[in-house]
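Construct the entire structure; sequences and hints are all you get.
Taken in sequence, the protein lines are chains A and B.
Under the UniProt record's numbering, the first residue of the first sequence is numbered 1, with each subsequent residue one higher.
Under the UniProt record's numbering, the first residue of the second sequence is numbered 1, with each subsequent residue one higher.
The set of hints was computed from the structure by calculation and includes no laboratory data.
Heads up, incomplete: computed chain B residues facing chain A, CB under 10 Å, no partners named: (1) T58; (2) T64; (3) V66; (4) L67; (5) S100.
Chain A stretches covered by chain B per the calculated footprint, using a threshold of three residues with CB under 8 Å from any CB of chain B: (6) 92-103; (7) 253-262.
Beyond 12 Å from chain A on every Cβ pair, some chain B residues (computed): (8) G47; (9) P141; (10) F142; (11) L210; (12) Q214; (13) V229; (14) D231; (15) P254; (16) D265; (17) A290.
Beta carbons: idealized from backbone N, C-alpha and C, even for Gly.
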Amino acid sequence: MAEYYRLFLAQARGQAQYRASFWFDVAASTGFGVIDLLGVLVVFHASGSLGGFTQAEGLLIAALAGAGFALADLVVGSVERIRNYVRTGLFDAVLLRPLGALGQLIAMDFAPRRAGRAVLCAALIPVTAVGAGVQWTPVRLLVAVLAPLCGAVLFGAIFVATATVAFWWIDSGEFANSFTYGGRDFSTWPATIYGGVFRRVFAYGFGFAFAGYYPALILLGRPDPLGGPPWLAWLSPLVAAVAAVVAGLFWRRGVRQYRSTGS
Amino acid sequence: MSAVIETRGLRKEFVVRKRAGRFRRTRHAIAAVDGVDLRVEAGEMLGYIGPNGAGKSTTLKMLTGVLHPSGGDVRVCGFEPVPQRVRLARGIGVVFGQRSQLWWDLPLRESFDLLRHIYRVPPSEHAARLARCRSMLELDPFLDTPVRQLSLGQRMRGEITAALLHGPAVLFLDEPTIGLDVVSKQSVRAFLAEVGARGDTTVVLTTHDLADIQRLCERLVVIDHGRVVHDGTLAALHARYGSRRRVVADLDAPLDRPVAVPGADLESTEGGGARLTYALDQPPGALIAALAQTGVLRDVKIEEPDIEEVVARLYKDR
Ligand SMILES: Nc1ncnc2c1ncn2[C@@H]1O[C@H](COP(=O)(O)OP(=O)(O)O)[C@@H](O)[C@H]1O
Ligand SMILES: [Mg+2]
Numbered sequence: 001m002a003e004y005y006r007l008f009l010a011q012a013r014g015q016a017q018y019r020a021s022f023w024f025d026v027a028a029s030t031g032f033g034v035i036d037l038l039g040v041l042v043v044f045h046a047s048g049s050l051g052g053f054t055q056a057e058g059l060l061i062a063a064l065a066g067a068g069f070a071l072a073d074l075v076v077g078s079v080e081r082i083r084n085y086v087r088t089g090l091f092d093a094v095l096l097r098p099l100g101a102l103g104q105l106i107a108m109d110f111a112p113r114r115a116g117r118a119v120l121c122a123a124l125i126p127v128t129a130v131g132a133g134v135q136w137t138p139v140r141l142l143v144a145v146l147a148p149l150c151g152a153v154l155f156g157a158i159f160v161a162t163a164t165v166a167f168w169w170i171d172s173g174e175f176a177n178s179f180t181y182g183g184r185d186f187s188t189w190p191a192t193i194y195g196g197v198f199r200r201v202f203a204y205g206f207g208f209a210f211a212g213y214y215p216a217l218i219l220l221g222r223p224d225p226l227g228g229p230p231w232l233a234w235l236s237p238l239v240a241a242v243a244a245v246v247a248g249l250f251w252r253r254g255v256r257q258y259r260s261t262g263s
Numbered sequence: 001m002s003a004v005i006e007t008r009g010l011r012k013e014f015v016v017r018k019r020a021g022r023f024r025r026t027r028h029a030i031a032a033v034d035g036v037d038l039r040v041e042a043g044e045m046l047g048y049i050g051p052n053g054a055g056k057s058t059t060l061k062m063l064t065g066v067l068h069p070s071g072g073d074v075r076v077c078g079f080e081p082v083p084q085r086v087r088l089a090r091g092i093g094v095v096f097g098q099r100s101q102l103w104w105d106l107p108l109r110e111s112f113d114l115l116r117h118i119y120r121v122p123p124s125e126h127a128a129r130l131a132r133c134r135s136m137l138e139l140d141p142f143l144d145t146p147v148r149q150l151s152l153g154q155r156m157r158g159e160i161t162a163a164l165l166h167g168p169a170v171l172f173l174d175e176p177t178i179g180l181d182v183v184s185k186q187s188v189r190a191f192l193a194e195v196g197a198r199g200d201t202t203v204v205l206t207t208h209d210l211a212d213i214q215r216l217c218e219r220l221v222v223i224d225h226g227r228v229v230h231d232g233t234l235a236a237l238h239a240r241y242g243s244r245r246r247v248v249a250d251l252d253a254p255l256d257r258p259v260a261v262p263g264a265d266l267e268s269t270e271g272g273g274a275r276l277t278y279a280l281d282q283p284p285g286a287l288i289a290a291l292a293q294t295g296v297l298r299d300v301k302i303e304e305p306d307i308e309e310v311v312a313r314l315y316k317d318r
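Below, the structure written as structure tokens:
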């Protein structure tokens, strides 16, 4: 771990010379988080309730999912830059160092200035929970803490898995981003508002319902309006773990696929 | 296995897509490395040469764990490079002439310090190795300059230092002198000769610079189209391609009768007979004696076979 921290520090020191303002970036990151939540607020305000959820309950879902996403974005969001390393062959240098490749990429592009949004969403979880009238028990408290972490692992896995596409498809462009941001947008809203196949694929296939929707049901003490069995809501850690393993396998295959560039 | 590097039937294919018509694309595989068998013992200094696109860099990338081979076996320091990449990386040093391993925005001094932590080198060992590189490669004038501001020659000296600070058992260099000025080339060459002479580091070097080969490589492996076409000493290469030593004789007056010695062919006559060049298949003694007997011999020079010529011929035969 110490090596990765050194790598991060070195990178941060090198970039300090270019960086205009750390705090400006923090403010921007926080600002975008605020705008997203305001969007949720506006939609619920216009329609009163959505998919069987009140405005306060909807905000709780958005805060839980948003915290998970923002935390993942903070830590591994930069892996989408892998496509630059692959295209230019700079990934060679990463593979020549005696450290894990993924860890190096994370350390090299880690940007604390993206923390604003994660902090905002995390702070809003207790606020929106109180607003939605959550009856606190020790178990619910634990769920409130673990849910964003599981969400972060899930989104982190999506970040990594979609970024590895660059190993096969060098000009993958915004493919990875459209997927991860699509997942974030999906999980911001109650899963009940989506229909049929679309819901099945994104809510369960990719697990996005387990970032905000199901943890919120536990906190609210509500049965699943979609008719899922009671235990389904508790599967977030399992979903996150499976996603992480799958992403790890993708990553390994991808690195083996790496072909460098002629030189 | 006592060899530091051992490969058997090492292959790498790249699938390339070619446009064929407006929408169709055809895929076909090209073998960049096509069955390379190589055995390098500890302490050897090996020149891995061949024309552009022969597969030198690709081989080095497979030996260092960057590329996954398409076929064959490979062991470096007893490790399988790709599956055991991290452990292998601790035992090898790599310099790719065309690609930097250093941190672009950091001064060299900080890059070196960072490497000490990444490779977990004890401070005393690190300091000793750095001191040696600093004096031999004359790094001090630019140790505090960010890497992006260094000249190519300075950067290359930094890269070589970076590759050696953890005391690797094998040093891989891919065209380390490419694009350098004469002074930097000589400095790098002298330093590598010293590294080789110490005998505790195995060195594998690709280069296009024939002076590098002449100065540094006891053993040459020549590859072409991904296959080994020669493996042996420089002398063996000369013997095989029939490159010959030359005797250049300067005369006070043209000869009345040509000097004929078996195994010596008159190759050229210049200055109306004032300078004769013979190519030899034999030791030069007999020819020189015969020339001396003519009584007009002023000066004689023996030229070693020119590696440039051999390699040019080798490349032309493709
Ligand atoms: N990443 C790559 N993708 C496709 N072809 C490649 C790649 N790298 C190398 N090649 C091809 O493989 C062959 C060998 O390349 P290389 O090993 O770089 O040659 P050398 O270093 O001897 O000049 C060349 O034909 C080159 O075009
Ligand atoms: Mg090359």
